[in-house]
Structures are given as structure tokens and as C-alpha cells.
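Participant: Here the structure of chain A is known, so what remains is to put chain B in place on it, guided by the hints.
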Amino acid sequence: MRFAGRQVLSIADFTRDEIVHVLTVASQVEQRGRGALFSGKLMATLFFEPSTRTRLSFEAAMLHQGGQVMGFSDAASTSTKKGESLADTIRMVEQYVDVIVMRHPRDGAARLAAEVSRVPVINGGDGANQHPSQTFLDLYTIAKLFPALLTGDRQLTVAFAGDLKYGRTVHSLVSALCHFKVKILLTAPAGLELPQQYLDECAAAGLPVEIASGLPEAIAASDVLYMTRLQEERFPDPVEFDHIKASYRVNAAMLRSAKPELRILHPLPRINEIATDVDFTPHAHYFPQAGNGIPVRQALVGLVLGVL
Amino acid sequence: MTEPITTSASRVRQVEAIANGTVIDHIPPAMTLKVAALLTGTEDQVFIGANLRSSRMGRKGVVKISNREISPHEASCLALIAPTATVCIIRDFSVVTKQPVPVPERFDDVARCANPNCVTNHERWPTRFVVVRGPSEARSAAPIEVPLRVRCVYCERGFAAGELALLDR
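If you read the protein sequences in the order shown, they are chains A and B.
Each residue of the first sequence is one higher than the last, beginning at 263 in our numbering.
Each residue of the second sequence is one higher than the last, beginning at 942 in our numbering.
Next up, chain A with everything else stripped away, as it sits in the complex (with noise of 0.2 Å):
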């Protein structure tokens, strides 16, 4: 399995044993801790539109490991305001890098980008298409609490509730979840289901797939559920708006019904979808999910570099 060089673009461009093989690798530099992996190994993190989490997660995972790190968080204090094209940006800064993060408004960036760069490209999200370390790491966190992800003991059963029509993390999860033993449950508001394409990948691996009633059949049935964001102008009448999103919202009352192992998950930022009160069960998942984005960024990174 040759990692070295590769570019990481998007979830559907790993096999099985490879992803089982990022979440192996990560799982073994977690358990290493901090060190100088990465020493004198320069990442350049090219945010043409804002992020908090993938930004620092990223920069934090290479600078546990002694590598340096450079980039922009804002695309117009570059070139790019100026006309230049994203190919061109990319071939000048190649010539700088050894890994290029990189996310990206349009839909399709990062396989660009890495079509003319010499030096990997991770994609850090391409417009509404793919963020393929978020899935890794949400791979990665249902991995570390439920082993039977892996060793296929069990059908885990993973509820996706919210928009699951433009939310590319549920979309990316849902198809490597294809390569697994597990049932995915879905709940969404009448027009933001998860689209067809998502469904017949599901059919096509053999997963079974059911449409759940409502958040309190989801939360009763499953192993994990996978929260997302609605977001408001998905609605054009503000008052279905606010009578959805009350129906889409956990609280901690709620879980009195959940299997005492049910772990909720959120990409984050979450907003109004999960009550505080919930931070407070044992059932929130959320902030040590984000955490895991380290060591499999570290994971991704290294193998890339091919210095795992």
C-alpha cells in the first residue's frame, strides 16, 4: 500500500484496506503523543475561505510534530483578488511546500490543484463536494468507540438527522460507511434528504438504509447519531424555518430514551441542533470527535510525506 506522494482529494479515491490503514496509523500516532515526525517538513495551508477548526486542527497536528507551517486564511490578501488563476497559484506555491492543505469555495478545487502540483494535495473542503480528513476523523472517532466498526462483530447502527442534502460531511460518511458493516438511519426535513446518488451507493454496497419517523425514533435506534446544522437559508419562510428546526434540536430530556452507548457526533459548529444541556450526558461526542482531527491529520500527513 503506497501512501507516499498521494493526494488526498476525496473519500471515494480509498479502498477499504486503505482507509482501515489511515485509521491504523492514526490510532498508533496517537498513542505516541507529540514528537518531531514532521522536522524540517514545511506545510503550506491555503484557505480561500474561512475555517476555524480544520485551519488549527491542521497547523496544530504538524507542529506537534516539529513541522513548520505557512499560509493564508483570507483568499483576498492574495494573488487571487488580483485575477490570478488557481492553477498558477498553486504551481508557485508547490515550489515552496512539501503538503499543500488546501480548502476552497468551488466544488472541485482540490483535484485541480492537484493536478499541477508535485507535492501532495490535501483537500481541507471543496465547496458542498468533499472533506475527506473530516471523514477520516469521524471514521476514526465511531472506530475508537465502537471496535465492531472494524472487526464487523456487529452491525452498528448510524442515524444521520438534519440536512443531509447539502451537508457534504454526511455525504462523504455515508459512503465510506459503504465499505462497513453497519445500518444507516436517516431523518431529515421534507426537502433536504439525503440525496439519490448517496441512496444507491448505499444499495449498491448491500447497507441497509431506513427512513426514521422523527430525532426520538433516531435517538432510540442507533449506536451513533450524526448531527448536522440547518441552516436558514435553506427555508424561504422563516416561520417553517424556526417550526423545523425545533424539531430537529436534541436535548438532554430526550436521551432518556437512547441505549446507554449512543454516542452523538457533530461536525461542528453546532448551533441551535443540540441543547448545552446534552455537553453535559455522557452521550456527547462532539468535542473529543473534533479532537481526533490530530492524529489523523497527523496520520494523513506523515503517510503522504511518506515519513509513516
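Watch out, some of these pointers could steer you wrong.
Claimed, not checked - Label-pair ranges, simulated between beta-carbon atoms:
1. A:Asn534 x B:His1014: 49 to 57 Å
2. B:Glu1064 x A:Pro312: 19 to 27 Å
3. A:Ser335 x B:Glu1064: 15 to 23 Å
4. A:Arg380 x B:Arg1065: 17 to 25 Å
5. A:His283 x B:Pro1045: 29 to 37 Å
6. A:Glu502 x B:Pro1041: 43 to 51 Å
7. B:Pro1041 x A:Pro470: 35 to 43 Å
8. A:Glu346 x B:Arg994: 52 to 60 Å
9. A:Glu502 x B:Gln1040: 48 to 56 Å
10. A:Pro478 x B:Gln1040: 58 to 66 Å
11. A:Glu479 x B:Gln1040: 53 to 61 Å
What the hints assert, rightly or not - Selected chain B positions facing chain A (in silico; Cβ < 7 Å):
12. Asn1058
13. Cys1059
14. Val1060
Unchecked claim - Derived contacts from chain A toward chain B, CB cut-off under 7 Å, selection only:
15. Ser347
16. Leu348
17. Arg368
18. Asp369
19. Gly370
20. Ala371
21. Arg373
22. Leu374
23. Gly389
24. Asn391
25. Gln459
Worth flagging that the hints you see were computed from the coordinates, not collected in a lab.
Since the structure is predicted, the reported quantities are computational estimates derived from the model, not experimental observations.
By construction, the Cβ of each residue, glycine as well, lies at the ideal position given by its N, Cα and C atoms.
Facilitator: Relative to chain A, chain B alone:
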């Protein structure tokens, strides 16, 4: 009114026989005018038959272009918008070759991506689509979905080929 003659060859002749050139037959009806627009150069004499009866397709379109054979680029475009079409080369009123339009595995810089947020609609960069095959373990051996579905290599969105606008050349 009497029903028109229904044999395929006769129907093609109903459009207009050409001495030399190319006949595109078995065009999905909705795509007939798109095919005509694709293949019509300023000097070309073009004959169009729309919604003709077809034993194979129910209804079909036929486009005939006098005095020239289609280019590889035009064949690629044709495969995208009319994958069921057959291409006949006519010389001296005779059909010299008659072949289904070859559907390539991928289409390079033939059509614009229908996703307005796709990077190819915002950067000076060629588009690329791959043909989507049916769900199967042996994906390469799986049949091409009809109507043809393609996936943008960049934004990863799937489209019915008919949704895509051809690029000007």
C-alpha cells in the same frame, strides 16, 4: 391521410437522400435539434427529420449533412448527447459504413459542467466527465446506463448527459 411508409430506409429517404456525407440516425427525439446545431457549419447543407417512427426507439431523429464526414470532436459530442445514435457514411448515394456512435470512457472538454459551483465554471480549465456505469462488482464490465449518465471528475456530481451544454469550439 395514409400512414407514411414505415420501413427504416424509406423513412430516412423521406427526409432527403444525400449523395455524399454523413447520416446520424437513431437520435433520441429530444436531442435532434441539439445534434443538428452541433453538426451544422456555416457552409453545410443539413436535413433534419424529427419524431420519425422507429421500431427500435418508438420515435427518433435523423440528421443528414451533405459533403462532409464528422470530426472526432463532433463524434465525441454526439456520443454525449445522443449515445444511441448510429453514424452512416454516404458516398455516391450508398451507405459505406454504418456504426453505432462510439461512447468513450471519458469526455474531455466537450461540455460545460451543469453544477454552477464547479471549479471548471470559474477557472480557465478543461472539463472532464467519466461515464457512469450501473452498480456492479465488476464495474468496468457493467452496462452503460441509458440514458447516458456522466460524472464530473472535478465536482463529482452525476448528470444525465442531456443536462449538459456543449462547449463552443
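Participant: Give a verdict on every hint.
Facilitator: Each hint tested on the structure:
1. In this structure, Asn534 (chain A) and His1014 (chain B) meet the distance hint of 49 to 57 Å, their C-beta atoms being roughly 53 Å apart.
2. Distance hint check: the CB atoms of Glu1064 (chain B) and Pro312 (chain A) are about 21 Å apart, consistent with the given range 19 to 27 Å.
3. Separation of Ser335 (chain A) from Glu1064 (chain B) is about 21 Å and conforms to the stated range, judged on CB atoms against 15 to 23 Å.
4. Distance hint for Arg380 (chain A) and Arg1065 (chain B): a CB-CB separation of about 21 Å, consistent with the stated range 17 to 25 Å.
5. Separated by about 34 Å at the C-beta atoms, His283 (chain A) and Pro1045 (chain B) satisfy the suggested range of 29 to 37 Å.
6. Taking 43 to 51 Å as the suggested C-beta distance range, the pair Glu502 (chain A) and Pro1041 (chain B) conforms, at roughly 50 Å.
7. Range check, Pro1041 (chain B) to Pro470 (chain A): about 39 Å between beta-carbon atoms, so the 35 to 43 Å window is met.
8. Under the hint 52 to 60 Å, the C-beta atoms of Glu346 (chain A) and Arg994 (chain B), about 56 Å apart, fit the expected range.
9. The hinted range of 48 to 56 Å is satisfied by Glu502 (chain A) and Gln1040 (chain B), whose Cβ atoms lie roughly 54 Å apart.
10. Distance hint for Pro478 (chain A) and Gln1040 (chain B): a CB-CB separation of about 60 Å, consistent with the stated range 58 to 66 Å.
11. Evaluation of the 53 to 61 Å hint for Glu479 (chain A) and Gln1040 (chain B) yields a pass: the beta carbon distance comes to about 55 Å.
12. A least Cβ separation of about 5 Å between Asn1058 (chain B) and chain A falls short of the 7 Å threshold, and the interface hint therefore holds.
13. Below 7 Å, beta-carbon pairs count as interface contacts, and Cys1059 (chain B) has one with chain A at about 5 Å; its hint therefore holds.
14. The interface hint given for Val1060 (chain B) holds, since its Cβ lies 4 Å from the closest Cβ of chain A, which is under the 7 Å cut-off.
15. With a least beta-carbon distance of about 6 Å to chain B, the hint placing Ser347 (chain A) at the interface is held under the 7 Å criterion.
16. The interface hint given for Leu348 (chain A) is met, as the beta carbon of that residue sits about 5 Å from the closest beta carbon of chain B, less than 7 Å.
17. Because the closest C-beta pair between Arg368 (chain A) and chain B is about 4 Å apart, less than 7 Å, the hint holds.
18. Taking 7 Å as the C-beta cut-off, the interface hint given for Asp369 (chain A) holds, the closest approach to chain B being about 4 Å.
19. A hinted interface residue such as Gly370 (chain A) counts as satisfied when its beta carbon comes closer than 7 Å to some beta carbon of chain B; here the least separation is about 3 Å, so the hint holds.
20. Contact between Ala371 (chain A) and chain B, as hinted, is supported at the beta carbon level, the nearest pair being about 4 Å apart and thus within 7 Å.
21. Evaluation of the Arg373 (chain A) hint against chain B yields a held restraint, the C-beta minimum of about 5 Å falling below 7 Å.
22. Here the hint on Leu374 (chain A) is kept, as its CB sits about 5 Å from the closest CB of chain B, short of 7 Å.
23. Taken as an interface hint, Gly389 (chain A) checks out: its beta carbon lies about 5 Å from the nearest beta carbon of chain B, inside 7 Å.
24. The beta carbon of Asn391 (chain A) comes within 5 Å of a beta carbon in chain B, closer than 7 Å, and the hint placing it at the interface holds.
25. About 6 Å separates the beta-carbon of Gln459 (chain A) from the nearest beta-carbon of chain B, less than 7 Å, and the hint is met.
Comparing the model with each earlier hint shows no violations; every hint is respected.
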